[in-house]
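Novice: Whenever a hint applies, use it, and build me the whole structure from the sequences.
Letter by letter, the chains look like this.
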Amino acid sequence: MNVAQLREDFPALNRKTDVGLPVYFDNACVTLRPYSVIRAMNEYYEKFSGCHRRAYHAFARETASRFERARASVAAFLGATEPSEIIFLRNTTEAINLVARSFAGSRRPARVLTTELEHNSNLIPWMELSRQGLLQLSCFKLADNLTFDKERFRAALTKGADLVSIPHKSHVTGCEYPVREIADMAHEAGALLLLDGAQGVSYGKIDVHALGADFYAFSAHKMLGPSGFGALYADKEHQPRLAPLILGGETVDDVSGGAYSLTEPPYCYEAGLQNYAGALGLEAAVDYLAKADPRAIRAHIASLNAMITAGISGIQGLSIIGPDDPALRSNILNFTAEGIDSVELAEMLDKTARIMVRAGKLCSHAWYNSSGTPPSVRLSLYFYNTNREAELFVKTLRNLINHFY
Amino acid sequence: MREDKKCCGFNTRNERVTFMAVITFAYPVFMLSALSLPLWIPLEWLTKINFTCRAMGALRAALKLINYKLTVSFRRTIAAVLFRYSPWAAGLFYKYLNILLLTLLWMIGICLMRLFL
Numbered sequence: 001m002n003v004a005q006l007r008e009d010f011p012a013l014n015r016k017t018d019v020g021l022p023v024y025f026d027n028a029c030v031t032l033r034p035y036s037v038i039r040a041m042n043e044y045y046e047k048f049s050g051c052h053r054r055a056y057h058a059f060a061r062e063t064a065s066r067f068e069r070a071r072a073s074v075a076a077f078l079g080a081t082e083p084s085e086i087i088f089l090r091n092t093t094e095a096i097n098l099v100a101r102s103f104a105g106s107r108r109p110a111r112v113l114t115t116e117l118e119h120n121s122n123l124i125p126w127m128e129l130s131r132q133g134l135l136q137l138s139c140f141k142l143a144d145n146l147t148f149d150k151e152r153f154r155a156a157l158t159k160g161a162d163l164v165s166i167p168h169k170s171h172v173t174g175c176e177y178p179v180r181e182i183a184d185m186a187h188e189a190g191a192l193l194l195l196d197g198a199q200g201v202s203y204g205k206i207d208v209h210a211l212g213a214d215f216y217a218f219s220a221h222k223m224l225g226p227s228g229f230g231a232l233y234a235d236k237e238h239q240p241r242l243a244p245l246i247l248g249g250e251t252v253d254d255v256s257g258g259a260y261s262l263t264e265p266p267y268c269y270e271a272g273l274q275n276y277a278g279a280l281g282l283e284a285a286v287d288y289l290a291k292a293d294p295r296a297i298r299a300h301i302a303s304l305n306a307m308i309t310a311g312i313s314g315i316q317g318l319s320i321i322g323p324d325d326p327a328l329r330s331n332i333l334n335f336t337a338e339g340i341d342s343v344e345l346a347e348m349l350d351k352t353a354r355i356m357v358r359a360g361k362l363c364s365h366a367w368y369n370s371s372g373t374p375p376s377v378r379l380s381l382y383f384y385n386t387n388r389e390a391e392l393f394v395k396t397l398r399n400l401i402n403h404f405y
Numbered sequence: 001m002r003e004d005k006k007c008c009g010f011n012t013r014n015e016r017v018t019f020m021a022v023i024t025f026a027y028p029v030f031m032l033s034a035l036s037l038p039l040w041i042p043l044e045w046l047t048k049i050n051f052t053c054r055a056m057g058a059l060r061a062a063l064k065l066i067n068y069k070l071t072v073s074f075r076r077t078i079a080a081v082l083f084r085y086s087p088w089a090a091g092l093f094y095k096y097l098n099i100l101l102l103t104l105l106w107m108i109g110i111c112l113m114r115l116f117l
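Order-wise, the sequence lines are chains V and H.
Residue numbering for the first sequence follows our numbering, starting at 1 and increasing by one per position.
Residue numbering for the second sequence follows our numbering, starting at 1 and increasing by one per position.
What the hints contain is simulated information worked out from the structure, not anything from laboratory work.
Some clues are possibly wrong.
As a list, the in silico DSBU-like pairs of lysine-lysine whose alpha-carbon atoms are at most 35 Å apart [unchecked claim]:
1. V:K205 <-> V:K16
2. V:K351 <-> H:K95
3. H:K48 <-> V:K16
4. V:K236 <-> V:K141
5. H:K64 <-> V:K351
6. V:K16 <-> H:K69
7. V:K395 <-> V:K351
8. V:K16 <-> V:K395
9. V:K395 <-> H:K64
10. H:K95 <-> V:K395
11. V:K291 <-> V:K47
12. V:K291 <-> V:K236
13. V:K159 <-> V:K236
14. H:K95 <-> H:K69
15. V:K150 <-> V:K205
16. H:K69 <-> V:K395
17. V:K47 <-> V:K205
18. V:K205 <-> V:K141
19. V:K351 <-> H:K48
Specialist: Dropping the structure here:
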C-alpha cells in the first residue's frame, strides 16, 4: 500500500497549518474525505439537483437513477441479497432507533440484550423504551480486558432474548467482536442480531451474510463518506418487522378517507426528500474502499498501533483501556494518564503539534461512570496515517508528560 | 465541584476555583510547602516519617489549583509556540507562569501595605 500516494487524495491532509501538516488521529469519529467523494457530491448540486420518484423531467430521472445506483453499490459493498434491503437514513443512530421503535411493544415487550460498553446510540434508544415499559433491556458484562466474553454472553442468552444489539467493533477499545459466533448463538436462542457497524465498515467490503447479521447499521462518515448520511441493512426476511420511524412524503402510496397505505420497502422507511448528494458521496466512498485491499489496510494500521503502543509503554501513570496487545485493538489506542486532564492533554497535542485526537467519555458515559474510569484520550488510526506521524505522537506525548505535568 | 458535560462526554473544566481562593489559600500552601522542603529532610531522617512526600503532595495539589483556571488559554497558546523550540522551556512556562504572577501580586500587595499602614 502506497500511503504517500493515497494521502494525495485527501485535501485536508495536505493543508499546511502553523505547526506543519495536520496529524489526524480521530478517524473513529469521522474519517477525512477524498477528492472523489467531494466531487461526487458536488456533481449532484452542479449538474442535476432534482428529486427522485416524484417527477419525470430529466433532472429527476437522473437523480432517481443515481440514487438507486448508490443503493445498489452499498448493497454490493455489504453483500446484501437485494438493493431493497438497504434503507438510506441519516446515520447509525437513526438506524438503531428505527429498529428499536420497531421492536417496542406493550403486549409482550421484546427482550433486548446489549453489552455493558455501548455507544449512547446503542443504549439510549433501548433505555428509553425500557423505561416506558415497551421492551426489556439487559446488559451483559465483557471480559476483564474488555474483549468479548462468550460464556457471559451465553449465560445472558439463557435468560431469553428477542434481539441482540452489539457493536461490530468497539469504539472505545477497538476490539472486533466474534460476530459470526455471536450470531449463531443468538439465532440458536431465537434472537435476531442487530450490529452497530459504525466502526465496522471502515476497512472495506463486508459480508452481512457471513457475519450472520439480520440488521446492520452504519454511517457514511466513518468510511470516507459524507456526514449526515448512513444506512440500515435489513435482511428481507425480517424487514417487514420494521415500522417506519417517520411518516410523510415518500412513505405512502395513497391516502384516502382518513387512511393511508404504506409504499413498498425501502421507500416506506425513507421519509421526505432524500439526501441525494449524501447518497452519491457514499457511493464514491464505497468505490474508493472497494479498490483498497482490506488486508493491507489492516496490516498497516496494526503496525502503526503496535509502534505507538510500544512507544508509550513505560510512561508512568499511563494505562490503556482494553487489551494490552495492540493486535486486539485494531485501530484504537485509548488511554488515561493519571493526574492529567484528558481534554487538556488533547488540546496540548493539537496546539503543539497539530495532532488531533478525541478526549472525554467517548459517548459511553454509562460505562465510564459505572467502571469509575476517568475521561480518556483516544487515538483512532486509518490507512492514510504514517509512521512519521506515529513517531511524532510518541515524541510529543513524552515531552508533554515529562515537562508539562 | 461541578463538571460541564458537553456533547458525547467531552468534559470541560468548570469547577469553581475562585481567584481569591488561589491567591489566599493555594499560593500560600504552595510557597510554604516549597520553602519548608529542606526542613523536612532531617526531620524525616530522625522520625522515619515520610514528611517530604507529604509536602510534595501538598505542593502538587496547590500547583494544580493555581493552574486550574488562571491564564489557561494564554499559557497553552504561548507554551505551544515555545514547544517548537524547547519543550523544557515550554513546560516551565506552562507550569510556573502563575506562580510568578502570584508572587508579583503578593509583593505588590506587601509593598502597598507597608506604604499605607
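Novice: Work down the list of hints and note, for each, if the structure agrees.
Specialist: We went through each hint and held it up to the structure:
1. V:K205 <-> V:K16: holds, 32 Å
2. V:K351 <-> H:K95: holds, 16 Å
3. H:K48 <-> V:K16: violated, 57 Å
4. V:K236 <-> V:K141: Measuring from Cα to Cα gives roughly 31 Å; hence the hint holds.
5. H:K64 <-> V:K351: Holds. H:K64 to V:K351 sits at ~21 Å (cutoff 35 Å).
6. V:K16 <-> H:K69: holds, 31 Å
7. V:K395 <-> V:K351: Holds - the C-alpha atoms of V:K351 and V:K395 are around 15 Å apart, at most 35 Å.
8. V:K16 <-> V:K395: Distance ~20 Å between V:K16 and V:K395 Cα, so the pair holds.
9. V:K395 <-> H:K64: holds, 24 Å
10. H:K95 <-> V:K395: holds, 20 Å
11. V:K291 <-> V:K47: holds, 26 Å
12. V:K291 <-> V:K236: Within the cut-off at roughly 28 Å; holds.
13. V:K159 <-> V:K236: Holds, at roughly 28 Å.
14. H:K95 <-> H:K69: holds, 12 Å
15. V:K150 <-> V:K205: Judged against 35 Å, a Cα distance of about 26 Å means the pair holds.
16. H:K69 <-> V:K395: holds, 27 Å
17. V:K47 <-> V:K205: holds, 29 Å
18. V:K205 <-> V:K141: Between V:K205 and V:K141 the Cα gap is close to 30 Å, so the pair holds against 35 Å.
19. V:K351 <-> H:K48: Status violated; Cα separation ~45 Å.
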